[in-house]
Structures are given as structure tokens and as C-alpha cells.
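Novice: Given next are the chains, with one letter for each unit.
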Amino acid sequence: MADEFEPNILAFCCNWCSYAAADLAGIGRMEMPTNVKVIRVMCSGRVKPEFVIKALSQGIDGVLVLGCHIGDCHYITGNHRTLKRFEVLTRLLGHMGIDPRRLRLDWASASEGDRFTEIVTEFTNTIKELGPNNLADYHGRKAARVSQ
Amino acid sequence: MDVDKLSEQARSYPEVVLSKTHPFLCSEEGQALIQNDIKENGLDRVVIAACSPKFHERTFKKALEKAELNPYCLAMANIREQCAWVHMEENGKATEKAERLIAGAVKRASVIEPLETQEVDITQTAMVIGGGVAGIQAALDIADNGYKVYLVESSPSIGGRMAQLDKTFPTLDCSACILTPKMVDAARHPNIELLAYSDVTDVKGHVGDFKVKVLKKPRYVDEDLCKGCGDCAEACRMKDRIDNEFDENLGKRSAIYIPFPQAVPLKYLVDPETCLLITKGVCGKTLKCADACEAKAVNFDQKEEEVELNVGVIVLATGYDPYDPSQKEEFGYGVHPEVITALELERLVNASGPTSGHVEINGKEPKDIVFISCVGSREKDGNQYCSRFCCMYNAKLAHMVKDKFPDSNVTVYYTDMRAFGKGFDEFFEKVKSEGIQYRVRDLDDPIKIEKADGGVVVKAEGHPDIASDMVILSIGAIPKAGSEKLSEMIGVKLGDDGFFTELHPKNRPVDTAVRGVFLAGCCQSPKDIPDSVQQASAAAARASTVLGNGKMVLDPVIAVVREAGCGDCQICLSLCPFGALDFDEEKKMAKVDEYLCQGCGICTAACPSAAISVRNYSQDQLEAQIETLMGID
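So the protein sequences, as listed, match chains D and L.
So the first sequence is numbered by my numbering: it starts at 1 and just counts up by one.
So the second sequence is numbered by my numbering: it starts at 149 and just counts up by one.
It cannot be assumed that every hint is accurate.
[As the list claims (entries may be wrong)] Distance condition first, Cα-Cα at most 35 angstroms in a straight line; then the derived DSBU-like pairs of lysine-lysine: (1) D:K84 - L:K739; (2) L:K580 - L:K552; (3) L:K515 - L:K315; (4) L:K580 - D:K84; (5) L:K633 - D:K54; (6) L:K444 - L:K528; (7) D:K128 - L:K241; (8) D:K84 - L:K315; (9) L:K202 - D:K54; (10) L:K580 - D:K54; (11) D:K128 - L:K153; (12) D:K54 - L:K241; (13) L:K735 - D:K54; (14) D:K128 - L:K202.
[Unchecked claim] So the derived label-pair ranges between C-beta atoms look like this: (15) L:L642 - D:S111: 23 to 33 angstroms; (16) D:S111 - L:E456: 45 to 55 angstroms; (17) L:N339 - D:E50: 47 to 57 angstroms; (18) D:E50 - L:E636: 50 to 60 angstroms; (19) L:S500 - D:S111: 44 to 54 angstroms; (20) L:K580 - D:V88: 48 to 58 angstroms; (21) L:D781 - D:G131: 31 to 41 angstroms; (22) D:V88 - L:K578: 51 to 61 angstroms.
Everything labelled a hint here was simulated from the structure, so no lab data went into it.
Since this is a predicted model, take the numbers as computed values, not measurements.
The C-beta atom is built at its ideal place from N, Cα and C for all residues, glycine as well.
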């Protein structure tokens with residue numbers, strides 16, 4: 001058991017819905033894996049696709065982007081932008097040799113602590129199945145060769 | 149979680165000079181501890197690892213402020229809701245995760261910057277545009293709160309659509325009885341300045357300091373002198389020759405007139421489009437109106453007058469226009485005299501209306517009466533929205549004609565009965581029990597009104613034809629003419645349906661994307677009188693909040709543009725949901741309106757050169773935090 005792969009997962013949560021959902025999961029003492037660490041942004045529309053590419057390139061095993069449900073965005077159309085951007089990003093990841101399953105875009109309202117828990121648990125399992133993201137090693141070796 | 153271990157670990161970071169634990173940091177004692185430590189150690193950043201920032205971020209910001217440290221120098225690690233409480237069965241791993249969360253917060257604290265809030269002055273005066281029931285209510289509420297209000301109405305009298313109605317549903321009380329006292333209150337209120345027969349022509353500025361140009365159209369009657377006696381209208385050569393718009397053109401008036409007897413202000417005016425002197429340059433040998441006026445109020449030298457008013461907030465209450473059914477040939481409106489609109493019926497049944505309450509079509513009382521619902525509403529290719537008041541005014545009018553003509557046959561063609569308000573369904577059930585036939589038809593099913601002997605015949609698919617001598621079209625609401633122009637001037641966007649858009653349908657239903665501008669009544673979407681009045685009071689409450697004590701603090705956590713970085717692509721401009729971004733042609737860069745920006749960061753995610761960023765949420769700041777949080781730095 002000690003050797004079991006524990007993925008290192010980053011979650012972007014928007015201040016108004018999904019971050020509140022994560023808090024609600026806590027208030028409801030909903031048990032979930034410890035692998036996901038949340039960073040709070042005001043809107044999922046703030047999440048620049050570059051953040052995701054960079055994180056995955058640096059060896060982070062999976063990235064979650066969680067916003068308000070479509071139609072419920074605190075900033076009206078923020079999550080519409082996120083949705084559009086991430087459709088493109090998902091395709092791009094494939095071309096870059098990154099398994100697109102390492103990225104998941106989803107929605108959780110401030111009243112959906114259970115949904116947040118479900119997403120975290122599911123995604124952690126998905127990443128466990130995919131295994132470690134060894135892209136960092138690849139970039140590391142390449143960088144080392146160039147510098148020689 | 150092993151809190152002592154976490155505290156010890158935190159102390160080991162190079163940025164950290166002090167790390168302490170406390171069972172209740174949010175308590176008075178906890179806050180005092182933080183304040184003392186800031187002062188004693190000259191701390192310039194504080195990290196709180198505790199509950200969610202959603203709960204006590206403000207508490208701790210205040211604590212920093214009290215210790216004379218900039219409140220934005222705070223970072224929080226959410227180790228309770230998002231760690232301890234969701235990993236109760238994973239002691240070791242929970243502590244490990246908390247360690248990362250704290251490390252990330254420490255990094256965030258070291259990269260964020262102190263920010264200065266900007267305090268701006270608020271002119272403690274409001275403008276309400278539109279003098280229907282919503283505008284009147286909003287003006288009264290703001291005025292009662294102690295602020296000066298300019299109530300601007302485009303037509304000669306306040307009162308709006310409600311003034312045209314005979315009775316109101318579901319209580320059947322007389323519309324004028326409820327409205328007229330409110331109109332008079334508005335005119336008499338010491339804090340309200342009524343600008344009737346006036347148009348808003350320009351709006352500049354921002355919350356707290358709007359500069360609004362208002363054009364007062366000439367009445368050709370001195371308002372200070374006019375007593376409202378009506379002698380001028382009696383004397384007018386055009387008496388009873390001009391269609392009265394207020395009566396939906398069913399009644400006649402003079403060229404010098406008031407729209408209706410209870411008009412406020414009760415000041416006569418000359419219609420420049422029908423007055424002989426104005427249109428033809430001559431009106432007999434002497435001006436009969438001027439001769440008749442004992443107060444010598446008639447003054448054809450009057451000119452339009454533009455005033456510039458400075459206000460802190462604006463309430464839009466411009467209302468709606470009734471749908472024109474003549475664009476739908478199948479109803480034969482304007483072709484068959486038997487076909488009228490519901491608003492026309494309102495005027496006909498009204499005791500002070502053009503027929504003194506006598507309803508006659510082709511010179512006789514109607515016997516077979518048909519109502520048709522959803523005319524101009526819920527269309528597949530046109531107005532897709534429901535106008536929300538037609539179902540109920542339909543029921544009201546059906547009841548009223550049945551009451552007037554007990555022997556008549558009243559049929560209502562409807563599609564869905566939307567009796568959603570308080571007492572609505574009970575009212576509908578009562579009307580149904582009065583012998584009024586309700587026939588359901590699908591909105592897509594053809595319906596046609598054709599000429600027949602002694603009237604018309606209504607042919608609705610799936611139902612037997614009805615020979616009728618009066619057909620009432622339940623017309624819906626359309627956006628008020630001029631909404632587009634007003635939208636351009638003020639910056640409040642119109643939705644696809646053409647009505648003004650609220651900032652957020654649930655959170656901010658009366659606010660708009662333009663800070664300091666609020667919505668009341670049908671200009672936002674069709675609604676009935678109770679809802680209009682409620683929304684008006686809500687808008688007034690929000691407006692009064694802004695007027696407050698004359699000061700307003702602007703949140704500094706908004707977008708800023710790095711001058712050297714902006715590449716002129718203007719992608720961000722189209723993305724902003726609040727229209728807060730503009731392009732500075734001189735500097736060739738995007739610029740942020742600090743009054744409109746909400747700090748969401750949607751623009752920053754799209755900027756190819758990272759030139760635009762939200763303060764303390766820049767790409768560098770977020771990436772630094774991510775790297776430490778994830779342990780890849």
C-alpha cells in the first residue's frame with residue numbers, strides 16, 4: 001500500500017460556486033481523497049489555458065477546473081468563456097502528447113458539496129488509473145541535453 | 149491534523165518570521181494576538197491557516213487594518229473545510245496536504261501587494277427615468293429616504309400604462325384609485341422635482357457623478373400660471389377633432405389638452421403636430437385658446453429648454469409599449485371593426501373613458517365575445533417571451549364584460565393559464581365559474597378571424613367556429629420605443645428580447661452592469677403591477693444604499709493594464725460582461741473603467757501578452773502560488 005501512486009492534483013475553483021461547494025463538502029464532513037489541492041480564483045473564466053498546460057508540463061498529474069453551472073455564473077458569461085476555451089484546450093493537449101483525461105472541466109453550485117466530493121473522488125481515481133504524469137521528466141531531460 | 153507540526157513547518161519557510169497556533173483566531177483574543185504580533189515584529193504580511201476565507205477573510209482584513217497594516221497583505225490557507233473536515237480518516241495525509249496549502253498561502257502572501265482603496269464622492273441626488281407606477285414608486289421611496297429625486301417623464305403626465313387601466317387584477321380595485329394618490333404624492337413631495345414632458349438626451353459620467361442632459365419640450369403654456377381649468381381646450385378650434393392617444397385613439401381631444409382628467413401635472417399643453425397656429429402658422433383672427441385663458445398662461449413663444457443635472461444614481465423605469473397586432477394578418481385587426489385590443493377595451497369599459505363606460509361595437513352592445521391570448525407573446529420567431537400579465541388581465545376583462553352583459557357568451561382562447569401570483573389562481577377559478585368558456589388551443593394551431601354576416605367569425609383549429617361581434621386580442625408587451633437610444637447613452641445593455649438587462653438574474657436583479665444604474669418595472673421585462681411596484685421599491689433601496697453617506701469605496705481588486713505590454717489586439721474588449729473595457733486610441737492600449745470592472749479576470753485569461761491582469765491575481769502571482777502549493781517549485 002505504501003507504494004501506491006498518490007497523484008498530485010490541482011483544482012481551480014471559482015469564488016462563488018465551486019469554492020463554496022468545496023467548503024460545503026467540509027461542513028458536511030464528506031470524506032474525499034487528499035490528492036486535490038484547491039486554488040481560488042474569482043471566476044473559472046480567469047483560468048488561462050496556459051496555467052493548465054504549464055501545470056501538466058511541470059508534472060502535475062491532473063488539473064480540475066470547476067465553475068458555476070452554465071447560466072449561474074456570477075459574472076454572467078464567465079463560464080461560457082471557460083467552456084469555449086477548454087474545448088479547444090482539450091484538443092490541444094492531445095496534440096501536445098498530454099492525455100486530455102488529465103484535465104477535467106466541470107461545474108458545481110454552492111449547494112453541491114456532494115457533487116464536489118464526487119468529482120474529486122472520480123477524478124482522483126481516473127488519474128490513479130492513468131498513472132504518474134512523467135512529462136516533467138521528459139522536459140527535464142530535454143532541457144539538460146540542450147544545456148550541455 | 150497535527151497542528152503543532154504544521155506550525156513548526158511553517159516557521160521553516162524563509163519568508164516566515166513568526167508562526168503561532170491559537171484555537172480561535174477569529175475571536176477577539178485571537179485578533180488581538182495578530183495585531184500585537186504585527187506591531188511588535190513589524191510584520192508586512194500575514195497568513196492565516198484556518199477556516200475558509202469565505203467565513204472570516206473580512207474579519208482578519210479588519211484585524212490587519214487595526215494594526216495599521218494594509219488589509220490586502222493577507223493570505224489564507226483553508227485547512228478546515230477543505231482539509232481537516234474532508235479527510236477525517238486520513239490523519240497523516242491530511243497534515244501533509246495542509247502543509248502544502250500553508251506553503252502555497254505563504255508564497256501567495258509574499259507575492260501579493262498592498263492595495264489602496266479609492267474613496268469617491270457620491271452626489272446624493274437621484275434621477276428616475278419614467279413616470280409610470282414603477283418610476284413613481286421608486287421616486288417616492290428614494291425621496292422618503294431623504295434624497296432629492298428628479299422624476300423625468302417623456303409624456304405630458306406621469307401615470308404610465310397603469311393610468312389607462314380600468315381595474316386591476318386579482319382584486320378588481322379601480323386602477324385610478326390606487327394610482328392617482330401616488331401621482332399626487334410624487335408631485336407634492338418636497339424632495340421630488342417632476343420633469344414631465346421631458347426627454348433624457350445625454351448621460352455622461354459614472355456612479356456618484358452622472359451628468360444628465362434633459363430636454364424640456366415646450367408646452368406653450370406657462371406651467372406656473374396654468375390653473376388646469378380647461379377653458380382653453382373648450383375654446384380650441386380643433387376641439388373633439390384629434391384622436392386622444394391616452395384613449396388608444398378611441399376618444400377625441402383638442403389641440404390644447406391634458407391627456408386625462410387626473411393628469412399630473414395638471415397643466416395644459418399644445419400638441420405641436422395638430423395645433424393650427426403651429427402647423428399652418430395661423431388660427432383664425434384671434435387665438436381662441438389664449439383669449440379663453442384668464443390666467444394668461446398660453447405662450448406660443450415658449451422654446452424647448454435643456455438642463456444639465458448632476459445625479460449620483462439613476463433608476464430606469466421606462467416601461468413598455470403594447471404590441472401592435474396589425475402585423476398579424478390572421479387577426480384582421482384594423483380591418484374588422486369588431487376586433488379590438490385589450491387596452492382599447494380597458495378604455496371602453498372605463499367610466500371616464502371616451503364612451504363613458506359604454507361598450508358598443510358598430511352601434512350595438514356585443515353579445516358573442518371572444519378573447520384571444522398570447523397575441524405577440526411566446527412566438528417561435530418573434531417575441532419568444534411570455535408577457536406575464538395577459539392571462540390575468542384577460543380573466544379580469546372577461547369577468548368585467550360578463551358582468552356588464554350577463555346574457556353574453558364569453559369565450560377565451562388560451563394556451564397555458566399563467567396564474568402565478570398571490571390570489572391569481574383563486575381569481576381565475578372564480579372567473580371560470582361565472583360561465584365563461586375557456587378553450588385551450590396550441591399556440592402553433594392556426595386561428596383566423598374572417599368577416600361574416602353581422603360581425604366576424606373566429607376559426608380556431610380543433611374547435612367549432614364562433615360567430616362573434618367583439619373579439620379582444622390579449623396583446624403582450626414589447627420594449628419601449630427609444631430603449632436602444634437610452635441603452636447607448638447609459639451603457640446598460642439590452643437583452644435579445646430588447647428589454648434592459650439586470651446585472652444578475654438572482655443575485656443582483658435590480659442592479660445593472662453600469663454601477664449606480666438600477667432597473668424597475670417593465671423596462672427590465674414584462675411584469676404586472678405588484679411585481680413592478682416591488683421591483684421599484686427594491687431599486688429604490690439599492691439606489692439609496694449607494695447614495696448612503698455621500699462616499700463610496702471602490703474595490704481595488706480590479707483589472708489593470710500594463711502600458712508597455714498591451715499589443716492593441718482588443719480581444720479583451722469583447723469579452724468583458726460589464727463593458728468595463730475601452731480602447732484608448734491615443735495610447736493604443738486597453739483601458740479599464742474602475743467604476744464598472746468587477747474583477748472577474750475573464751479578460752486576463754484571454755490576453756496574449758499578459759498585459760491586463762487583476763490586481764493580486766496576475767499570472768506571475770498565481771503561478772508562483774501554484775508551484776509552491778503543488779510542491780514543484
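Novice: All hints, please: hold or fail.
Specialist: So, going through the hints one by one against the coordinates:
1. D:K84 - L:K739: 25 angstroms, holds
2. L:K580 - L:K552: 16 angstroms, holds
3. L:K515 - L:K315: 22 angstroms, holds
4. L:K580 - D:K84: 50 angstroms, violated
5. L:K633 - D:K54: With Cα atoms ~46 angstroms apart, L:K633 and D:K54 exceed 35 angstroms; violated.
6. L:K444 - L:K528: Violated. L:K444 to L:K528 sits at ~56 angstroms, over the 35 angstroms cutoff.
7. D:K128 - L:K241: Within the cut-off at roughly 16 angstroms; holds.
8. D:K84 - L:K315: Since the Cα atoms of D:K84 and L:K315 sit roughly 50 angstroms apart, the hinted pair is violated (cutoff 35 angstroms).
9. L:K202 - D:K54: 28 angstroms, holds
10. L:K580 - D:K54: Not OK: L:K580 and D:K54 at ~67 angstroms, beyond 35 angstroms, violated.
11. D:K128 - L:K153: The given pair, whose Cα atoms are some 28 angstroms apart, holds under the 35 angstroms limit.
12. D:K54 - L:K241: Roughly 26 angstroms separates the two Cα atoms, so the pair holds.
13. L:K735 - D:K54: 32 angstroms, holds
14. D:K128 - L:K202: 31 angstroms, holds
15. L:L642 - D:S111: 23 to 33 angstroms: 31 angstroms, holds
16. D:S111 - L:E456: 45 to 55 angstroms: Once the Cβ atoms are compared, 48 angstroms apart, the range 45 to 55 angstroms for L:E456 and D:S111 holds.
17. L:N339 - D:E50: 47 to 57 angstroms: Holds - the Cβ-Cβ distance for L:N339 and D:E50, about 54 angstroms, lies within 47 to 57 angstroms.
18. D:E50 - L:E636: 50 to 60 angstroms: For L:E636 against D:E50, whose Cβ atoms are near 36 angstroms apart, the range 50 to 60 angstroms is violated.
19. L:S500 - D:S111: 44 to 54 angstroms: Distance hint for L:S500, D:S111 holds at roughly 52 angstroms.
20. L:K580 - D:V88: 48 to 58 angstroms: This hint holds: roughly 55 angstroms between Cβ atoms.
21. L:D781 - D:G131: 31 to 41 angstroms: Distance hint for L:D781, D:G131 is violated at roughly 23 angstroms.
22. D:V88 - L:K578: 51 to 61 angstroms: 58 angstroms, holds
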